[in-house]
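Here the protein sequences line up with chains U and S, keeping their order. Those letters in the first sequence? Residues 1 to 325, by our numbering. Those letters in the second sequence? Residues 1 to 243, by our numbering.
Warning: the hint list may mix true and false statements.
[To be verified] Quick look at which bits of chain S chain U covers, simulated, 3 or more residues with Cβ under 8 Å: (1) 69-76; (2) 93-107.
[Stated by the list, open to error] Calculated from the model, a selection of chain S residues having no Cβ within reach of chain U, i.e. all distances over 10 Å: (3) Ser52; (4) Tyr86; (5) Ser90; (6) Arg124; (7) Leu144; (8) Lys167; (9) Met207; (10) His208; (11) Phe211.
[Claimed, not checked] Straight-line alpha carbon distances no greater than 25 Å define the calculated BS3-like cross-link-like pairs of lysine-lysine that follow: (12) Lys109(S) / Lys319(U); (13) Lys167(S) / Lys56(S); (14) Lys122(S) / Lys109(S); (15) Lys167(S) / Lys11(U); (16) Lys167(S) / Lys122(S); (17) Lys297(U) / Lys6(U).
Because the hints were derived from the structure by calculation, they are not lab data. Everything numeric in this text was worked out from a predicted model, so none of it was measured. Here a beta-carbon is modelled for each residue, glycine too, at the ideal position from N, C-alpha and C.
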Amino acid sequence: MKRMLKIYMEKPELAALLLLLLLVVLFQLRSGGVFLSFDNLRGFFGILPEMALVAIGVTVLMICGEFDLSVGAVFALMPMTMAVLMATGVSFPMALVAGLLVCVAIGLLNGYLTIRFAIPSFITTLGMMFVARSLTVVISGGFPPLLPTDLPTWLFTSFVGPGQLLRMSFLWFLAIAVLVSLLLSRTNFGNWIRATGGFLPAADALGIPTARVKIACFILCSVLSGFAGLIQVLRLGSPLPSIGEGMELQAVAAAVIGGTALNGGVGAVFGGIIGVILIRVIDNGLILSQVDANWFKFAIGSLTIFAVVANSWLRKRAKSIKVEV
Amino acid sequence: MNGPIVSVRNLHKWYSGVHALKGVSVDFARNEAVGLIGDNGAGKSTLINILSGVQKQDEGSIFVEGKEAAISSPRDSMRLGIETIYQYNSMVPTMSIARNLFIGREPIKYSLFGFGVLDLRKMREESVQAIADVDLHLRSPDALVGELSGGQRQGVAIARAMHFKSKVMILDEPTNHLSVKETNKVIGFVRSLKEQNVTGIFISHNMHHVFESCDRVVAMARGQIVLDKRVSETSIDEVQSVL
Chain U
1 MKRMLKIYME
11 KPELAALLLL
21 LLLVVLFQLR
31 SGGVFLSFDN
41 LRGFFGILPE
51 MALVAIGVTV
61 LMICGEFDLS
71 VGAVFALMPM
81 TMAVLMATGV
91 SFPMALVAGL
101 LVCVAIGLLN
111 GYLTIRFAIP
121 SFITTLGMMF
131 VARSLTVVIS
141 GGFPPLLPTD
151 LPTWLFTSFV
161 GPGQLLRMSF
171 LWFLAIAVLV
181 SLLLSRTNFG
191 NWIRATGGFL
201 PAADALGIPT
211 ARVKIACFIL
221 CSVLSGFAGL
231 IQVLRLGSPL
241 PSIGEGMELQ
251 AVAAAVIGGT
261 ALNGGVGAVF
271 GGIIGVILIR
281 VIDNGLILSQ
291 VDANWFKFAI
301 GSLTIFAVVA
311 NSWLRKRAKS
321 IKVEV
Chain S
1 MNGPIVSVRN
11 LHKWYSGVHA
21 LKGVSVDFAR
31 NEAVGLIGDN
41 GAGKSTLINI
51 LSGVQKQDEG
61 SIFVEGKEAA
71 ISSPRDSMRL
81 GIETIYQYNS
91 MVPTMSIARN
101 LFIGREPIKY
111 SLFGFGVLDL
121 RKMREESVQA
131 IADVDLHLRS
141 PDALVGELSG
151 GQRQGVAIAR
161 AMHFKSKVMI
171 LDEPTNHLSV
181 KETNKVIGFV
191 RSLKEQNVTG
201 IFISHNMHHV
211 FESCDRVVAM
221 ARGQIVLDKR
231 VSETSIDEVQ
241 SVL
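All chains should be modelled from the sequences, with the hints used to inform the complete structure.
Encoded structure:
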């Protein structure tokens with residue numbers, strides 16, 4: 001019994017999960033039952049995948065011991081690249097490939113610069129955030145191009161499922177979340193990511209190609225952000241250059257709320273997703289409860305601090321439970 | 001099969017102006033426990049780092065089982081059967097024992113280009129066995145290494161080296177920061193290497209530990225070997241006087 005308790009208390013995503021359940025109940029009561037209504041859930045699940053995909057990438061990268069502040073800018077740049085190309089007559093699949101290649105290039109550059117010159121990724125990606133955001137505005141010329149009308153939105157944003165509850169994007173998110181989660185927990189590459197972020201000198205001494213592992217995580221993070229941006233643009237029907245602003249910090253907050261350690265090694269994709277759901281629930285729940293929407297950032301901020309404190313407290317408590325190892 | 005298992009010839013290493021190794025040549029025999037002693041900056045860490053693939057020599061050659069070996073990464077070194085256990089960095093504290101044991105050498109069920117699905121059951125079973133083999137008593141292979149004591153961690157590192165059938169085990173200050181009881185345990189490990197047909201290279205500041213557990217003592221000072229004798233033919237005083 002003690003043993004089970006210890007195992008669960010050591011799960012870093014536990015605190016967030018409990019809090020989520022609490023908030024759902026609270027908002028359901030405060031909103032007079034609107035919160036869990038079909039229509040509200042439909043809207044909720046329609047938006048969730050966009051930030052969740054970003055958070056998945058950021059979580060994996062943080063477990064690997066690095067940061068990416070450029071995700072919000074890449075979120076805008078990728079679909080803008082596609083829109084500009086499509087405006088000149090390039091087909092959707094070709095534009096998609098080009099857009100994803102831009103993401104790969106940014107991730108590669110982020111990782112290469114960080115490792116080659118041994119600078120904190122916080123700095124590299126902060127620079128990249130400005131660069132990518134600027135490029136987004138520059139290539140659009142200030143006037144976002146109109147999207148062609150024959151885009152395969154059915155593949156990304158159309159409503160599907162029982163009662164049209166979910167958008168296709170939710171299925172993409174689900175598939176990617178499961179895949180990345182398995183990659184992290186069930187493959188040798190996942191083991192290398194954890195070792196690299198957990199204790200770099202040991203990973204190096206054991207012959208893990210840590211530089212390549214980190215670069216791969218940077219690329220994964222960029223590609224997922226770009227893809228998430230594409231989904232948002234297809235949902236909105238227009239490539240605005242300002243989308244994704246502030247998203248980089250929300251994604252970090254989500255990862256941290258979900259139990260990812262800032263210095264790497266600890267965390268889970270599931271935790272990051274719980275973090276995003278919490279943020280979305282608070283956003284949505286505050287509005288439904290008719291609270292002034294400006295309290296949103298206040299709530300996210302306190303939640304982030306609270307989650308980290310709760311997690312470290314839980315871990316300390318778990319450690320003090322004497323179970324022989 | 002009677003030649004030395006590892007020999008180095010005329011090894012040189014410079015660090016931007018500092019001549020850290022000045023033509024070191026030494027042999028390590030099979031099933032021998034060798035104590036490597038020297039003050040800070042004497043060059044013993046440099047020698048060990050070269051053997052374990054963390055650094056590369058500027059000059060000189062390494063022979064493993066009589067064949068010249070090019071060691072340019074920790075992986076090369078491990079492939080040649082040389083396993084290094086460092087003072088701090090041989091384990092990832094945030095990962096479980098079972099996962100730590102197999103970092104970089106995970107058993108894979110299905111693989112593609114070297115990436116694949118972990119055989120988690122095999123990892124658990126083999127780690128339980130490997131830990132039991134070195135006489136360490138841990139109940140669960142799923143416990144985090146960060147929760148183990150320093151001595152237990154060294155035990156797991158040694159279990160890992162044993163599991164991968166290493167021929168040479170380098171232990172870099174394995175008894176630092178350990179309690180007396182745990183130190184004795186680690187010294188016991190070093191002694192028992194012989195029975196397992198493993199050559200041990202034991203680096204320590206503590207002469208008593210070396211004299212207790214090794215067959216031979218090699219002392220280094222200022223980048224050179226200044227003494228190389230059987231333990232039975234020398235004394236702590238003699239070693240101390242040359243350092």
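Each hint tested on the structure:
1. Check on the region 69-76 of chain S: 3 of its residues sit with their Cβ under 8 Å from a Cβ of chain U, so the three-residue criterion for coverage holds.
2. Given as covered by chain U, the region 93-107 of chain S passes the check, having 8 residues with a CB less than 8 Å from a CB of that chain where 3 are the minimum.
3. The non-interface label for Ser52(S) is inconsistent with chain U: the shortest C-beta to C-beta separation is roughly 7 Å, within 10 Å.
4. With a closest Cβ-Cβ approach of about 6 Å to chain U, Tyr86(S) is found to fall inside the 10 Å limit, against its non-interface label.
5. Non-interface call for Ser90(S) relative to chain U: violated, since the shortest CB-CB distance, roughly 6 Å, does not exceed 10 Å.
6. At roughly 14 Å from the closest C-beta of chain U, the C-beta of Arg124(S) stays outside 10 Å, upholding its exclusion from the interface.
7. Distance check on Leu144(S): its Cβ comes as close as 8 Å (rounded) to a Cβ of chain U, failing to clear the 10 Å threshold; non-interface status is violated.
8. Separation of Lys167(S) from chain U is adequate, the least Cβ-Cβ distance of about 17 Å exceeding the 10 Å criterion.
9. Against chain U, the non-interface label of Met207(S) holds: every CB pair exceeds 10 Å, the least being about 27 Å.
10. Residue-level check passed: His208(S) sits 28 Å from the nearest beta carbon of chain U, beyond 10 Å.
11. Once the 10 Å rule is applied to beta carbons, Phe211(S) is consistent with being away from chain U; the minimum gap is 28 Å.
12. The suggested pairing of Lys109(S) with Lys319(U) is violated, with an alpha-carbon distance near 33 Å, which exceeds 25 Å.
13. Note on Lys167(S) and Lys56(S): the hinted pairing holds, with a Cα-Cα distance of about 21 Å set against a maximum of 25 Å.
14. For the suggested pair Lys122(S) and Lys109(S), the alpha carbons sit about 10 Å apart, so the restraint of at most 25 Å is met.
15. This hinted pair does not check out: Lys167(S) and Lys11(U) have alpha carbons roughly 39 Å apart, beyond 25 Å.
16. At most 25 Å may separate the alpha-carbon atoms for a hinted pair to count; Lys167(S) and Lys122(S) meet this at roughly 23 Å.
17. Proximity of Lys297(U) to Lys6(U) is assessed by CA-CA distance (about 33 Å); at most 25 Å being required, the pair is judged violated.
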